[in-house]
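Use these hints to put chain B onto chain A, whose structure you have.
Here is what each chain is made of, one letter per residue.
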Amino acid sequence: MADEVVVLDFWASPFAMRVKLALSEKGITYECKPQDLLNKGPLLLQANPVHKKIPVLIHNGRSICESLIIVRYIDEVWTHVSPLLPSDPYQRSQALFWADYIEKQVYDLGKRVYVAQEDQAEAKEKLIQCLKTLETELGDKPYFGGDGIGFVDVALLPFTTWFYTYERSGNFSIQESCPKLIAWVERCRQKQSVSDALPHPHKIYDFYLLFKEALGVK
Amino acid sequence: MEGAVVLLDFWPSMFGMRTRIALAEKEIKYEYSEQDLWNKGELLLQMNPVHKKIPVLIHNGKPVCESLNQVQYIDEVWNDRAPLLPANTYKRANARFWADFVDKKLYDLGSKIWKTKGEEQEAAKKEFIDCLKLLEGELGDSLYFGGKDFGYVDVALVPFYCWFYAYEQCGNFSIEAECPKLIAWVKRCMQKESVAKSLVDREKVYEFVLQLKKLYGIE
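Quick mapping for you: the protein sequence lines, in order, are chains A and B. The first sequence begins at 873 in this note's numbering and counts up by one. The second sequence begins at 254 in this note's numbering and counts up by one.
If you are wondering where the hints come from, they were derived from the structure by calculation, not from laboratory data. Beta carbons: idealized from backbone N, C-alpha and C, even for Gly. Please note that the accuracy of each hint is not assured.
[What the hints assert, rightly or not] 25 Å max Cα-Cα, derived PhoX-like pairs, lysine-lysine:
(1) K282(B) - K983(A)
(2) K357(B) - K925(A)
(3) K305(B) - K1004(A)
(4) K386(B) - K344(B)
(5) K924(A) - K344(B)
(6) K386(B) - K282(B)
(7) K365(B) - K924(A)
(8) K357(B) - K998(A)
(9) K293(B) - K315(B)
(10) K983(A) - K357(B)
(11) K976(A) - K357(B)
(12) K365(B) - K976(A)
(13) K306(B) - K457(B)
(14) K924(A) - K357(B)
(15) K1004(A) - K293(B)
(16) K450(B) - K976(A)
(17) K386(B) - K924(A)
(18) K912(A) - K357(B)
(19) K998(A) - K293(B)
(20) K976(A) - K358(B)
(21) K315(B) - K1004(A)
(22) K358(B) - K983(A)
(23) K344(B) - K925(A)
(24) K344(B) - K358(B)
(25) K457(B) - K976(A)
(26) K925(A) - K912(A)
(27) K457(B) - K998(A)
(28) K368(B) - K976(A)
(29) K306(B) - K925(A)
(30) K912(A) - K358(B)
(31) K924(A) - K358(B)
[Said to hold, decoys possible] Beyond 10 Å from chain B on every Cβ pair, some chain A residues (computed):
(32) G913
(33) K924
(34) H931
(35) K998
(36) A1055
(37) D1078
Pulled out of the complex, with its shape left as it was, chain A reads as follows:
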C-alpha cells in the first residue's frame, strides 16, 4: 500500500522547510499543499485545530503538527533510510537539546531583527551570540549530525534562508561573526536534498520586502 503524504505548507516558513527537508533527505514522495495564511482554509483548520498553523503533515489521513515533532515522526516511520537522530539515547538527548535551543532562540531573535524596532540592536547581538554558540557546538564536524545531515541540521538550515533578510534589515554580516557556520550552510546547500527543499535567500528577502506590513514591520 503506497503511503499518502501531504504537507500543508507555506513556502517562506522555516518551520515548513524543516518538514520538506526531512522528507527530501529520506527520498519520500509527497504532495505539497500551499496554504493561504491570511485566509485559512477548512483543511488547515481541521488538520490543526489547536494552533491553526502550518506546517502540518498528513500521513495516510492522519495529521501531525509542530515541525520538530513532525521531523521526529518522519524519522521514526521511515527509519531505515538516512536516520536523522542518533540511535544512542544520550547522543539523541543532545541533538534534541540543540534543536530545542534553536527553537527557543533563532526565530524570535531573527524576527526582532527584521521587525526593526527599538530592540533591534539587542536582538542582533543576541542572535550573533546564539549563532556563535551553535558554531561551537558544530566544532570540526562537517554537519551537526556528524558525517551526515541530522536532526539539528534540519532544525537550523531553514533559518539560514532568512540570514540575508536579517543582515539586510539589520545592516550586519553573519559571515563576519560566524564564518564556520556559513561554511556549514554552503556545505549543506551542495546536497541535492537540501537545495531541492530550501528557497534561495534572495527570494525570502523579496518576500520580506513585499509583505513587510503583514510581517509586523512598521
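Chain B in isolation, oriented as in the chain A frame:
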C-alpha cells in the same frame, strides 16, 4: 543502564517535578540536589552552561537538560519498565504534541496570572482556562492522557497542579469549577506513589509565590 543518577533541582519547579515523577515511575535511585537559583553553584553552571537552569539530570557524569528531554531519555534508557511514551509512532507524535502544548502555554499564562492585575490578568486567566479545557477534551473519558496507563503527557502536566492554588488565590477564580474533569484526573494521578511523592504542597508553593511577589515588588 546502571550508573549514578543525580538531579539538580529546585523544590517548587514543575519542570523538576516531571523528572522526579519519571525517575520514581521507573524506580530509579538517584541523588536529589537542591539548587539555590539566586546563587547558582559551580556544578549547575558547568552542567547547563547554555541555559543555567534546573532541572539537570546527570547520568554517569553526563548532563541531560530540559525536562521533557529528560523524561524521554529516562524512558529510553530504562526501557524495561513502566513505559511512558506509547509504542505506536503516531500515538507517540500525538503525546509529544500535547506535552509541547503544555510547555508552550501553561507556564507563561500561569506566570501572568500571579504577576499581573486588571485586564492583563483577566486575559491570562481566560486563556489559561481555555487551554485546560482543550486538555480536558484531549483526555476525554480516559483514565489518563496515556489511556489506561499513566504516560508522558500525564507526567508533563500533573506538576502544574501544585501551582493551581497559587494561581487561584492570585487570580481570584476556581480552576476546579471550570475544569472538574481535569481535577478528577489530577486526583487519580495523586493516587500513584510516584506522583504523590514528587509533587509538593500547594500551600507552600503559594507562600513561595508571595515571597516572589515581594521580591519583585509586585502587588
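Hints and how they fare:
no., hint, result
1, K282(B) - K983(A), "violated (44 Å)"
2, K357(B) - K925(A), "holds (14 Å)"
3, K305(B) - K1004(A), "holds (17 Å)"
4, K386(B) - K344(B), "holds (21 Å)"
5, K924(A) - K344(B), "holds (20 Å)"
6, K386(B) - K282(B), "violated (36 Å)"
7, K365(B) - K924(A), "holds (24 Å)"
8, K357(B) - K998(A), "holds (22 Å)"
9, K293(B) - K315(B), "holds (19 Å)"
10, K983(A) - K357(B), "holds (18 Å)"
11, K976(A) - K357(B), "holds (11 Å)"
12, K365(B) - K976(A), "holds (19 Å)"
13, K306(B) - K457(B), "holds (21 Å)"
14, K924(A) - K357(B), "holds (15 Å)"
15, K1004(A) - K293(B), "holds (24 Å)"
16, K450(B) - K976(A), "violated (31 Å)"
17, K386(B) - K924(A), "holds (17 Å)"
18, K912(A) - K357(B), "holds (22 Å)"
19, K998(A) - K293(B), "holds (22 Å)"
20, K976(A) - K358(B), "holds (14 Å)"
21, K315(B) - K1004(A), "holds (23 Å)"
22, K358(B) - K983(A), "holds (20 Å)"
23, K344(B) - K925(A), "holds (20 Å)"
24, K344(B) - K358(B), "holds (21 Å)"
25, K457(B) - K976(A), "violated (30 Å)"
26, K925(A) - K912(A), "holds (9 Å)"
27, K457(B) - K998(A), "violated (36 Å)"
28, K368(B) - K976(A), "holds (22 Å)"
29, K306(B) - K925(A), "violated (30 Å)"
30, K912(A) - K358(B), "holds (22 Å)"
31, K924(A) - K358(B), "holds (15 Å)"
32, G913, "holds (21 Å)"
33, K924, "holds (13 Å)"
34, H931, "violated (8 Å)"
35, K998, "holds (13 Å)"
36, A1055, "holds (23 Å)"
37, D1078, "holds (31 Å)"
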